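Q: Sequence:
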Amino acid sequence: HRCLLNLVDNAIDACLSDEEESKNHWVQVRTRLKGDGMLMLQVSDNGCGMGEEVKKHMLTAFFTTKGSKGTGLGLLITQKIVQEQGGALSVDSEPGKGSVFTILLPVKPQNC
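Anchor point for the sequence shown: position 72 equals 97 in this note's numbering, and the numbering is continuous, going up by one each time.
Some hints here could point you the wrong way.
Here are the computed distance ranges between Cβ atoms for each label pair [to be verified]:
| # | residue 1 | residue 2 | range |
| --- | --- | --- | --- |
| 1 | Glu119 | Gly62 | 29 to 37 Å |
| 2 | His26 | Met63 | 33 to 41 Å |
| 3 | Gln53 | Lys80 | 33 to 41 Å |
| 4 | Val79 | Lys48 | 30 to 38 Å |
| 5 | Glu44 | Glu109 | 22 to 30 Å |
| 6 | His82 | Glu44 | 18 to 26 Å |
| 7 | Gly121 | Leu64 | 16 to 24 Å |
| 8 | Gln110 | Glu44 | 31 to 39 Å |
Calculated from the structure, these hints are not laboratory results. On a predicted model such as this, the values are computed, not experimentally measured, just so you know. For each residue, glycine too, the CB sits at the ideal point set by N, CA and C.
Throw the hints in and build the complete structure from the sequences for me.
A: Given below as structure tokens:
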């Protein structure tokens, strides 16, 4: 749940920091069980988005675009947790359009 909370918090912050006030901002969380046995979890927003330079450094410890409001650890922690579970974290983002963060996690069979 820490991963989801980090991504949703970031999405909300991206919407709040978007300078386009006339935009009807939203944050969306979607899940889907894929045919390859992976659980897909996506957090999307239509906030300020990220340019290439920010995307390049977003997983660097203590890198933040939030000034004193951020620690620069949230995405790094999220990536570490996802990788420890055998999953992957990816992002698609464009300045002014928003971001889509995708987590893929293997689904482990439950013992009945």
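Q: Are the hints correct? Go through all of them and say.
A: Structure-based check of each hint:
no.	hint	result
1	Glu119 x Gly62: 29 to 37 Å	31 Å, holds
2	His26 x Met63: 33 to 41 Å	19 Å, violated
3	Gln53 x Lys80: 33 to 41 Å	20 Å, violated
4	Val79 x Lys48: 30 to 38 Å	19 Å, violated
5	Glu44 x Glu109: 22 to 30 Å	37 Å, violated
6	His82 x Glu44: 18 to 26 Å	21 Å, holds
7	Gly121 x Leu64: 16 to 24 Å	30 Å, violated
8	Gln110 x Glu44: 31 to 39 Å	36 Å, holds
In this structure, the earlier hints numbered 2, 3, 4, 5 and 7 are contradicted, and the remaining ones agree with it.
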